[in-house]
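Here the structure of chain C is known, so what remains is to put chains B and W in place on it, guided by the hints.
Chains as they are written, first to last, in the numbering used here: chain C, 35 to 356; chain B, 827 to 1142; chain W, 937 to 1449.
Rather than coming from a laboratory, the hints here were simulated on the basis of the structure.
A quick note: this is a predicted structure, and the numbers were derived from the prediction, not measured.
One or more of the hints may lead you astray.
[Stated by the list, open to error] Where chain B lies over chain C, by a calculated footprint (3+ residues, C-beta under 8 Å):
(1) 152 to 162
(2) 166 to 176
(3) 198 to 206
[What the hints assert, rightly or not] Covered, in the sense of this in silico footprint (three residues per stretch, anywhere, with C-beta under 8 Å from a C-beta of chain B), are these stretches of chain W:
(4) 1019 to 1027
(5) 1033 to 1042
Note that beta-carbon positions come from the ideal geometry of N, C-alpha and C, so glycine has one too.
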Amino acid sequence: MTPLDTPMQRSQSISIASVFERYGLVIFLVALMVVAAIASPTFLRPANLVNVLTIAAPLGMVVVGQTFVILVRGLDLSVASLMATVAVLATAFKATTNEAIPMIFIAAIALSAMVGLVNGWLVAKRNVSPFLATLAMMIILQGARFAYTGGAPISTLPPGMGFLASGRVLGIPVNLITLAFLAIAFGIVLHRSRLGREIFMVGSNPKAAFLNGVAPDRVVILCYVICSVCAGIGGLFLLGYVGTVSNWVGQGYELDSIVAAVMGGVALSGGRGNVFAALLGVAVLVVINNLVLLLGFPIEMQLIIKGIIIIGAAAFYRTRLA
Amino acid sequence: MSAIAMDIRRNRLMLSYLIVAVLLVLLAVAGGFLSDRFLTWRNIGNLLQQLIVLGMVSLGQTFVVLMGGIDLAIGSLVGALTVFLANFLEWRPDLVWLALPLALIAATGVGAINGLLTVVLRVHPLIVTLGMSSIIFGGTLMYRKEPGGSVPRAFADIAYTKVGGIPISAIVLVVIFALAGLWLQRTRTGRSIYFAGGDREAARLNGLPVDRIVVLAYALSGLCAGIAAIFLTARTGVGDPRIGVALTLQSVTPVVVGGTILAGGRGGVLGTFLGVLLVTMLNSLLNFVNVSSYYQWVIQGLIILIAVGIHSSRRK
Amino acid sequence: MSASVIELSQIEKDYPGVKPLDKVDFAVQPGEIHALLGENGAGKSTLIRVMGGVTKPNSGTITYLGKPVSWQSPKAARAAGIHVIHQELALFPELSVAENILVDAQPRGMLGLISNRARHARAAEILAQLGVDIPTHAKIDELPLADQQMVEIAKALVGDVRLLILDEPTAVIAGREVDLLFENMRRLRNEGVGIVYVSHRLEEIFEIADRVTILKDGQLVGTSPVSALTREEMITKMVGRRLSQIYPPRRAAPADGPDVLSVRNLRAGPRVRDVSLNVRVGEIVGVAGMVGSGRTEVAEAIFGTRAVDSGVIEFDGKPFERKLPKGSIGHGLGFLTESRKDDGLFLGLPISANIVAPDLDAITKRGLIDRKQERAVATRQIQDFSVATPSPDVKIGNLSGGNQQKVLFSRWSRIASKLLILDEPTRGVDIGAKVEIYRIVRRLADSGVGVLMISSELPEIVGLSDRVFVMAQGHVVGEIKGDALSEEAIMDLAVRSVEDRNAGMDQHAEPVG
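So here's chain C without its partners, still in its complex pose (with noise of 0.2 Å):
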């Protein structure tokens, strides 16, 4: 039981431990990295580095959206099957020709959004929880996309898809610039912008938000709406990298977005969290990845660790910040 009058000299020593929640991440992600160099000379190549920066980039864009939806205490299932459903939607275009992009992005992204604001709307206006709302809508999303493509992989895209994945600009990968672009912008909405403030009292306190004069349900539909367009964009890029759409385009994504935005300090209580440190959580997350494979142990041991680190991470910060 906590007391009424918790101690002013608290603050200390809890200022402390943010200090070692927000670098003790980076630690750990040097620390990572430099196990992979010593492990295998391969890590610190540039090849390598890219490779394991352009396989982030899709599932970086999806845990921006993600850290949204968690801040407003909710969870988005979703995510992964909304990657797919947007992929196969880019084909359904069955253009051969870069002029039918944008048309593509305007598609992915006015799907996406229908998408979160039915999602959200069932949370916030229907109490839904956030749990059984976007695995209805995942399920759905599946069946939908099962329905057209009749189960087959497709590769009508037009060719330019491509460079979403493996373009440069400067010599720097498209999808990083990309993904820098989303998680700028984000974070400048979420950590400087009244709509982030707003985002964090309905975390924090929804009902405390209402009384001070937010509307709790519209912010946390346009979470929701938010991370449906990251997760739709995300997929447009790893379409680009897959290169074929089968049904199964960023499967896993969900868990591995919430892994990494766990890892990265976002609360599942809502209220806490920061977009940036959430993308460490996925540097962390693709670091072990590309460690388990250099150091050649079997691909499922990524599965075991995944599972290791989201509980302990979970466990970590909760007696960080109990």
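Showing chains B and W alone in chain C's frame:
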């Protein structure tokens, strides 16, 4: 306050059951109209045979949800156990008597570990069981990537044997559900699942051993996954690490459809049983009228939303 | 003197930086009703938690029935015959009355299975013993709050209780129910049960208790027979200073300015049936009444978070178009809510964010938060309200209750230029902070803000208000002002009107919430 409104409030769970039961009858009638083979003994027998796997995992999920948690490791666990059983029995077909208890003990143990982790680390059960699911799945895949193994004929029979035209698995399922219902309603330990799910702090203040109840619920969920895995292995004859992937989320649907609320403390196994019947019958019907399994997913998603919508809107 | 039922010696409880219990000795004899007195935050609840096995003390010994014990859990204490009725109801709203009463003692019949019939029979028996008529099949959330409290009390009559601890059981019950409770307490006392009784209503202490122990700031002030103390002595010991030092001087002349708020014949839901009241510019108006009398709901209706069925609310002389909290805030109306943690604070956010919360417009430029401006506002408010913190960036969860409350005052007083509604403004803060808060409230009123203050603490209502409205069962039943203002006058009005009403109408009230 009118007495009638009061009565409805009190029996809202009964009302949930009634709605699902009516839907079941409607489905059966619709099935009869749409296909003259739907209401044949043969099809009903098939239908009953399919119940056990979904039924058991949903029952396990019911225990956990009633207690206020959620178990997302069920599917991986079932997959791992089918791999264990099929490979073990391929190696020593004569040791069925050993393999089955081993599987059940392992399953219960994994469940208990889930419970212990949520209690000791005080991490949200969603995270704990999601993490465990990943660990189990990864471990299973490291051992066997592809479906494999085989089972002796005698073992396979438990999935197909019928007594008086009724599959033995369906009888087992009904008996287990009846026992579970009796246990939840009429024993002190069973009731304490409701207490812990209704309000954990109140349960603690009332002197109930909350932590033990939590672990027990997860252990039971594991045990149920074990039973599901035995029948699943017997039916398919192989161990498939991926066979459980979809089961985790499928196990939630009948629970929600049956009126058990995700927050815990309200609901029951009868609702889950009806939910299992409804989902199984609906899928069977959709197969009969040649709706692709893809649309079945869409429909399953909609069912969840509709069920939550119905149950939550009456909860005012 | 016979051996104590329970004897606590040199009990200490430490949380980082606070000491809710500092070397406290406490003993209860069999067959006595022992009152435990102290201000909010004095350590009563912690002491109760220690006795009930909910909290483990850091040091000190507990002797129960002659043997040293160290409870590992509430279960252990309960098994040994200690029953605690906590301030918060420990009931399961979805389950039946019978099941709640017999939560850990469900009667078993055939095959060791719980027998439904025996359960209801036994529960009915216990309720009859208590003297109340509550249907055993009803679910808890269908019952009015008072009945829920009686169910909680009924649980104490199950099984073999040697030590019964009641923490403010009369907060939500009145009249006949209190009498029934006292009757049963006396009966148990005569059977040799030791009873610890916590209440902030001193008249109850004089009526029922044999001895009284007073705590202040986690320390023992003393134990003595109730008859050896006067009411004033008790208050002085509890508070540690004389009443005259606590409340700021009232304004010299009665306020005669225009009404800033005028409410006439307000109906809003089942708890607000007929409410008329007014607040003048620069005036502190108290609203007293039992918990559940509809006080908070009136505040919600005024602020715009509760639908109004009929009646008039005039604000600043004009009919008030209330559009959600946002609209009210824009009109210069502030609402400091009852539960700091539930609907006041953003615990994980810094102090600055908590201060500027209702008025983000003032610090927003082109959609972005102007952090410099925010800091400036926060720093000024922190100084004005003497919040003890090294920086506005400290998370508010790390402040003491009193300082948190001061932050909330600094939040609302900034935007409440016309009217500030306070709901239990000093709950859970220590006496030092209370005195500061009273001065803040008076200062705000003097600056021309109208203050509507809801409080369960009668001394504070009487000590601070210029006028008081008394509510009972959704009605304003009277207005008291000037020299007529006293705790007795308020209690009289509140209790009498409840009894009148109960005599006059069917008591089967509708379910709450």
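Going through the hints against the structure:
1. 152 to 162: As far as the segment 152 to 162 of chain C goes, the hint holds, because 4 residues have Cβ atoms under 8 Å from chain B.
2. 166 to 176: Holds, because 9 residues of the segment 166 to 176 of chain C bring their Cβ atoms closer than 8 Å to Cβ atoms of chain B.
3. 198 to 206: Per the Cβ count (0), the hint is violated.
4. 1019 to 1027: Since three or more residues must qualify, the claim that chain B covers the segment 1019 to 1027 of chain W holds, with 5 doing so at under 8 Å.
5. 1033 to 1042: Contact hint for the segment 1033 to 1042 of chain W vs chain B: holds, 4 residues under 8 Å.
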